[in-house]
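Asker: If you want the building blocks of each chain, they are given just below.
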Amino acid sequence: DVKVTQSSRYLVKRTGEKVFLECVQDMDHENMFWYRQDPGLGLRLIYFSYDVKMKEKGDIPEGYSVSREKKERFSLILESASTNQTSMYLCASSLGGLSETQYFGPGTRLLVL
Amino acid sequence: KQEVTQIPAALSVPEGENLVLNCSFTDSAIYNLQWFRQDPGKGLTSLLLIQSSQREQTSGRLNASLDKSSGRSTLYIAASQPGDSATYLCALSGGYQKVTFGTGTKLQVIP
Chain A
1 DVKVTQSSRY LVKRTGEKVF LECVQDMDHE NMFWYRQDPG LGLRLIYFSY DVKMKEKGDI
61 PEGYSVSREK KERFSLILES ASTNQTSMYL CASSLGGLSE TQYFGPGTRL LVL
Chain B
1 KQEVTQIPAA LSVPEGENLV LNCSFTDSAI YNLQWFRQDP GKGLTSLLLI QSSQREQTSG
61 RLNASLDKSS GRSTLYIAAS QPGDSATYLC ALSGGYQKVT FGTGTKLQVI P
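Residue numbers (the numbering used here), protein chains in the order written: chain A, 1 to 113; chain B, 1 to 111.
Take these hints with a grain of salt, some might be off.
[What the hints assert, rightly or not] Rough simulated footprint, nothing fancy, chain A against chain B, three-plus residues with beta-carbon under 8 Å: (1) 18 to 28; (2) 66 to 75.
[To be verified] Which residues of chain B face chain A? A partial, calculated answer using Cβ under 10 Å: (3) Val4; (4) Gln6; (5) Ile7; (6) Ala10; (7) Val13; (8) Gln34; (9) Phe36; (10) Gln38; (11) Leu49; (12) Asn63; (13) Gln81; (14) Ser85; (15) Lys98.
[To be verified] Taking lysine-lysine pairs in the DSSO-like style, the calculated list, with each CA pair at most 30 Å apart, reads: (16) B/Lys68 x A/Lys18; (17) B/Lys106 x B/Lys42; (18) B/Lys1 x B/Lys42; (19) A/Lys3 x B/Lys98; (20) A/Lys71 x B/Lys98; (21) A/Lys13 x B/Lys1; (22) A/Lys18 x B/Lys98; (23) B/Lys68 x A/Lys70; (24) A/Lys70 x A/Lys13; (25) A/Lys70 x A/Lys3; (26) B/Lys42 x A/Lys3; (27) A/Lys18 x B/Lys42; (28) A/Lys13 x B/Lys42; (29) B/Lys106 x A/Lys53; (30) A/Lys53 x B/Lys68; (31) A/Lys18 x B/Lys106; (32) B/Lys106 x A/Lys70; (33) B/Lys68 x A/Lys71; (34) A/Lys71 x B/Lys42; (35) A/Lys18 x A/Lys55; (36) A/Lys71 x B/Lys106; (37) A/Lys70 x B/Lys98.
Honestly, the hints are just simulated from the structure, not real lab data.
Even for Gly, the Cβ is constructed at its ideal location relative to N, Cα and C.
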């Protein structure tokens with residue numbers, strides 16, 4: 001079974017802090033994704049990566065950056081957390097290509113005070 | 001820009017009932033459509049994936065259909081059970097790794 005893990009289930013940070021969210025997948029998938037999920041807005045793509053050291057902006061990249069130094073790990077970075085970044089963050093991976101199923105991690109619920 | 005709509009936002013049915021969840025989309029140029037299930041506070045679990053060239057997929061009590069010409073997909077759940085209670089989301093893959101999600105239908109199956 002594909003397993004996608006996220007470093008924290010719950011996280012509380014203060015405004016202005018630098019925040020790191022880590023995601024690891026164990027199935028040698030090419031593609032990895034970061035989404036945020038908010039009530040009434042659904043899932044929105046922040047960034048994705050289709051290879052090591054490669055990244056592409058999604059729909060809402062502002063205020064975020066990402067890092068993919070190893071194939072299995074995809075990090076989301078909030079350079080200076082703000083209250084409007086309070087959300088549920090979901091990581092996903094897929095084998096490759098557009099026809100492949102995405103597998104999701106359990107999510108990280110981030111609260112920025 | 002692809003827009004994905006799921007109506008109703010919430011649905012409550014008695015146990016044993018057959019039900020249909022709807023997903024509408026505006027751009028038929030898709031690669032695939034996927035149905036997910038999300039339990040409260042959890043990540044998404046893939047249920048069914050329909051390729052653009054397919055009309056339907058089945059898995060156990062679930063059947064998903066795709067009609068690109070009308071911009072619709074349905075998820076049929078047979079003989080619903082309380083364990084089916086969750087939020088169901090559809091997601092469409094378009095060009096360049098772009099995936100657009102609907103906002104989901106929250107299903108409650110009452111024992």
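Asker: Each hint: holds or not?
Answerer: Hint by hint, here is what the structure shows:
1. 18 to 28: violated (count 0)
2. 66 to 75: This one is violated; 0 residues, fewer than the three required, reach chain A with a Cβ under 8 Å.
3. Val4: holds (8 Å)
4. Gln6: Result: holds, 9 Å to nearest chain A Cβ.
5. Ile7: violated (13 Å)
6. Ala10: violated (13 Å)
7. Val13: violated (23 Å)
8. Gln34: B/Gln34 check passes; min Cβ-Cβ to chain A is 7 Å, inside 10 Å.
9. Phe36: Since the shortest Cβ distance to chain A is 8 Å, the answer is holds.
10. Gln38: Because about 9 Å separates B/Gln38 from the closest Cβ in chain A, which is inside the 10 Å limit, the hint holds.
11. Leu49: holds (5 Å)
12. Asn63: violated (17 Å)
13. Gln81: violated (23 Å)
14. Ser85: Given a least distance of 18 Å, the restraint on B/Ser85 is violated.
15. Lys98: holds (8 Å)
16. B/Lys68 x A/Lys18: Given that 30 Å is the threshold and the Cα spacing comes to 44 Å, the pair is violated.
17. B/Lys106 x B/Lys42: holds (14 Å)
18. B/Lys1 x B/Lys42: It holds: about 28 Å lies between the C-alpha atoms, which stays within 30 Å.
19. A/Lys3 x B/Lys98: holds (22 Å)
20. A/Lys71 x B/Lys98: holds (20 Å)
21. A/Lys13 x B/Lys1: Roughly 34 Å between the alpha carbons, so the hint for A/Lys13 and B/Lys1 is violated.
22. A/Lys18 x B/Lys98: holds (28 Å)
23. B/Lys68 x A/Lys70: Answer violated: B/Lys68 to A/Lys70 is near 38 Å, above 30 Å.
24. A/Lys70 x A/Lys13: Holds. A/Lys70 to A/Lys13 sits at ~26 Å (cutoff 30 Å).
25. A/Lys70 x A/Lys3: OK: A/Lys70 and A/Lys3 at ~16 Å, within 30 Å.
26. B/Lys42 x A/Lys3: Holds, at roughly 14 Å.
27. A/Lys18 x B/Lys42: holds (24 Å)
28. A/Lys13 x B/Lys42: Within the cut-off at roughly 21 Å; holds.
29. B/Lys106 x A/Lys53: violated (38 Å)
30. A/Lys53 x B/Lys68: violated (36 Å)
31. A/Lys18 x B/Lys106: violated (34 Å)
32. B/Lys106 x A/Lys70: Given that 30 Å is the threshold and the Cα spacing comes to 37 Å, the pair is violated.
33. B/Lys68 x A/Lys71: Violated, because 35 Å separates the two Cα atoms, which is more than 30 Å.
34. A/Lys71 x B/Lys42: holds (24 Å)
35. A/Lys18 x A/Lys55: Judged against 30 Å, a Cα distance of about 20 Å means the pair holds.
36. A/Lys71 x B/Lys106: violated (35 Å)
37. A/Lys70 x B/Lys98: holds (23 Å)
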